[in-house]
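Number of protein chains: 2
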Amino acid sequence: MSVVINISLNEGLFLRNPQDSVLGRNIIKHSILIIAEIGFEAFNFKKLAQEIKSTEASVYRYFENKQVLLIYLVSWYWEYVAFLIKINTLNIEDPRKKLEIIINSFVFAALDNPATPYVDESKLQRLIISEGTKAYHTIDVDEKNDKGFFLNYKELIKMVADVVSEINPNFKYPIAFATNLFEMSNNHIYFANHLPRLTDVKVPKNNYEEVEIMLNYFADKLLADN
Amino acid sequence: MSVVINISLNEGLFLRNPQDSVLGRNIIKHSILIIAEIGFEAFNFKKLAQEIKSTEASVYRYFENKQVLLIYLVSWYWEYVAFLIKINTLNIEDPRKKLEIIINSFVFAALDNPATPYVDESKLQRLIISEGTKAYHTIDVDEKNDKGFFLNYKELIKMVADVVSEINPNFKYPIAFATNLFEMSNNHIYFANHLPRLTDVKVPKNNYEEVEIMLNYFADKLLADN
DNA sequence: TTATAATGATAGTATAACTATTAAAAATAA
DNA sequence: TTATTTTTAATAGTTATACTATCATTATAA
Chain L
1 MSVVINISLN EGLFLRNPQD SVLGRNIIKH SILIIAEIGF EAFNFKKLAQ EIKSTEASVY
61 RYFENKQVLL IYLVSWYWEY VAFLIKINTL NIEDPRKKLE IIINSFVFAA LDNPATPYVD
121 ESKLQRLIIS EGTKAYHTID VDEKNDKGFF LNYKELIKMV ADVVSEINPN FKYPIAFATN
181 LFEMSNNHIY FANHLPRLTD VKVPKNNYEE VEIMLNYFAD KLLADN
Chain D
1 MSVVINISLN EGLFLRNPQD SVLGRNIIKH SILIIAEIGF EAFNFKKLAQ EIKSTEASVY
61 RYFENKQVLL IYLVSWYWEY VAFLIKINTL NIEDPRKKLE IIINSFVFAA LDNPATPYVD
121 ESKLQRLIIS EGTKAYHTID VDEKNDKGFF LNYKELIKMV ADVVSEINPN FKYPIAFATN
181 LFEMSNNHIY FANHLPRLTD VKVPKNNYEE VEIMLNYFAD KLLADN
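Keeping their order, the protein sequence lines are chains L and D. Using the working numbering, you'd call the opening residue of the first sequence number 1 and step up by one each time. Using the working numbering, you'd call the opening residue of the second sequence number 1 and step up by one each time.
Read the hints as simulated data drawn from the structure, not as lab findings. Check each hint, because a few of them may be wrong.
To be verified - In silico DSS-like links for lysine-lysine, alpha-carbon gap of 30 Å or less:
hint: 1; chain 1: D; residue 1: 29; chain 2: D; residue 2: 66
hint: 2; chain 1: D; residue 1: 154; chain 2: L; residue 2: 123
hint: 3; chain 1: L; residue 1: 154; chain 2: D; residue 2: 47
hint: 4; chain 1: L; residue 1: 66; chain 2: D; residue 2: 47
hint: 5; chain 1: L; residue 1: 29; chain 2: L; residue 2: 158
Unchecked claim - For the chain D half of the interface with chain L, some residues (derived, Cβ under 7 Å), not all of them:
hint: 6; residue: 141
hint: 7; residue: 198
hint: 8; residue: 221
Quick caveat, the model's predicted, so the values are computed rather than measured. We treat Cβ as the ideally placed atom computed from N, Cα and C, and that holds for glycine.
Using the sequences provided together with the hints, build the complete structure.
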């Protein structure tokens with residue numbers, strides 16, 4: 001028996017659902033691997049097609065262009081993190097404990113999950129950390145937003161912000177703090193690996209424990225009732 | 001009489017110092033305007049050359065490529081913010097007051113300064129907000145870092161982190177908090193303008209007051225001695 | 001089995017990101 | 001002031017990217 005998680009994403013993100021065919025799943029799988037390896041700028045559909053022994057034209061039948069494919073991958077990740085949070089907080093009452101699990105889920109998202117056979121979670125997380133914000137730092141962000149391309153991220157943030165408000169209803173910026181937790185998590189892993197003078201934490205051998213401790217420290221200070 | 005601020009940047013960032021010639025200053029001036037208008041991806045040296053009535057080849061004599069030009073602009077901005085902070089905190093003793101001025105300087109950086117005749121600060125800030133992180137989110141970040149391309153940012157962060165430690169020597173993550181102040185400042189202005197559901201603040205007509213208040217709120221909570 | 005859809009193979013266009021060469025103009029030094 | 005050097009402009013060319021179009025082939029579904 002095997003369980004397969006099916007992540008559902010906005011239909012506008014693709015021309016043909018990549019989850020429904022071998023070629024589609026290959027596109028997802030190998031685009032993650034290639035982008036994680038050579039970076040988003042050097043990545044293109046020709047290289048991807050060569051890797052999966054298909055053609056550029058075939059890849060274009062699934063995704064409008066590489067920018068939208070990136071948004072797809074990022075949305076997939078956000079949905080996956082939301083899924084992890086939901087199952088891990090299922091029986092938890094205490095909101096502070098819930099937030100702890102949320103923070104831990106950012107880290108846990110790097111563990112490979114056999115229920116997602118065509119996604120290497122560890123590589124995908126690396127991609128998110130180094131390329132993720134390029135998904136929404138584009139000149140046409142408003143049009144893309146109108147098409148609902150960022151809904152998954154917004155829903156995830158809303159979920160976290162609600163927990164923040166539960167912990168301390170008087171805290172004035174629950175949404176900003178929720179987005180900040182994500183951004184900090186990604187940024188400081190990146191800084192620790194590449195620009196260590198921009199952070200206080202270390203991540204030896206991709207052990208993100210210090211990042212987790214830091215985020216909880218920030219949460220405690222910010223959400224203390226004083 | 002006129003005062004002209006000369007920002008000094010790492011020599012590795014350019015092939016010929018753009019501050020030393022009319023063409024060079026034109027490159028700086030118009031690259032800011034064009035990138036702020038059409039975004040970094042659509043920007044290229046041909047469009048820039050057309051705008052300043054020069055040629056692609058001439059632009060290439062100043063900058064290796066558009067990525068390095070972006071780092072130059074971003075570094076220029078960081079140096080400028082550092083300069084603003086220094087003159088505005090000159091006679092201030094109280095570190096909490098200093099941090100308030102630092103936070104205010106992020107906002108103030110958008111005011112046009114006649115002492116920098118070839119830089120439109122307001123446009124440059126918009127560029128930093130929407131494209132800034134692309135300067136260091138590149139596959140060759142380590143090599144660029146080795147060449148000292150990000151020193152200006154690091155120095156600025158160090159200066160802010162020192163103030164943070166002055167306010168509360170027991171605070172465990174002064175550097176992370178300093179970088180976070182910058183990132184939050186930029187991100188939440190961007191979110192307020194493009195993805196409002198990712199923040200709690202509003203920036204009507206580029207009035208960044210709410211962002212300033214939020215950052216000070218975070219600073220107070222985080223640096224309170226408890 | 002036939003129709004329909006998905007994929008592959010191939011070709012072509014416009015633009016980007018450079019590099020090279022030579023001539024003209026501008027700056028500077030003798 | 002002229003001669004020399006440096007900078008810029010004009011032009012052309014190369015390789016790669018980001019697509020689009022067409023048609024043949026293969027898989028799938030009715």
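Here's how the hints hold up against the structure:
A distance of roughly 14 Å separates the Cα atoms of residue 29 of chain D and residue 66 of chain D; the hinted pair therefore holds under the 30 Å criterion. With a CA separation close to 28 Å, the supplied pair residue 154 of chain D and residue 123 of chain L stays within the 30 Å bound. For the suggested pair residue 154 of chain L and residue 47 of chain D, the alpha carbons sit about 36 Å apart, so the restraint of at most 30 Å is broken. For the proposed pair residue 66 of chain L and residue 47 of chain D, the alpha carbon gap of about 23 Å is at most 30 Å, so the pair holds.
Restraint check for residue 29 of chain L and residue 158 of chain L: the C-alpha separation of about 29 Å stays at or below 30 Å, so the hint holds. The interface hint given for residue 141 of chain D is met, as the beta carbon of that residue sits about 5 Å from the closest beta carbon of chain L, less than 7 Å. Taking 7 Å as the C-beta contact cut-off toward chain L, the hint placing residue 198 of chain D at the interface holds, the least distance being around 5 Å. Against a cut-off of 7 Å between C-beta atoms, the interface hint on residue 221 of chain D holds, since the closest Cβ of chain L lies about 5 Å away.
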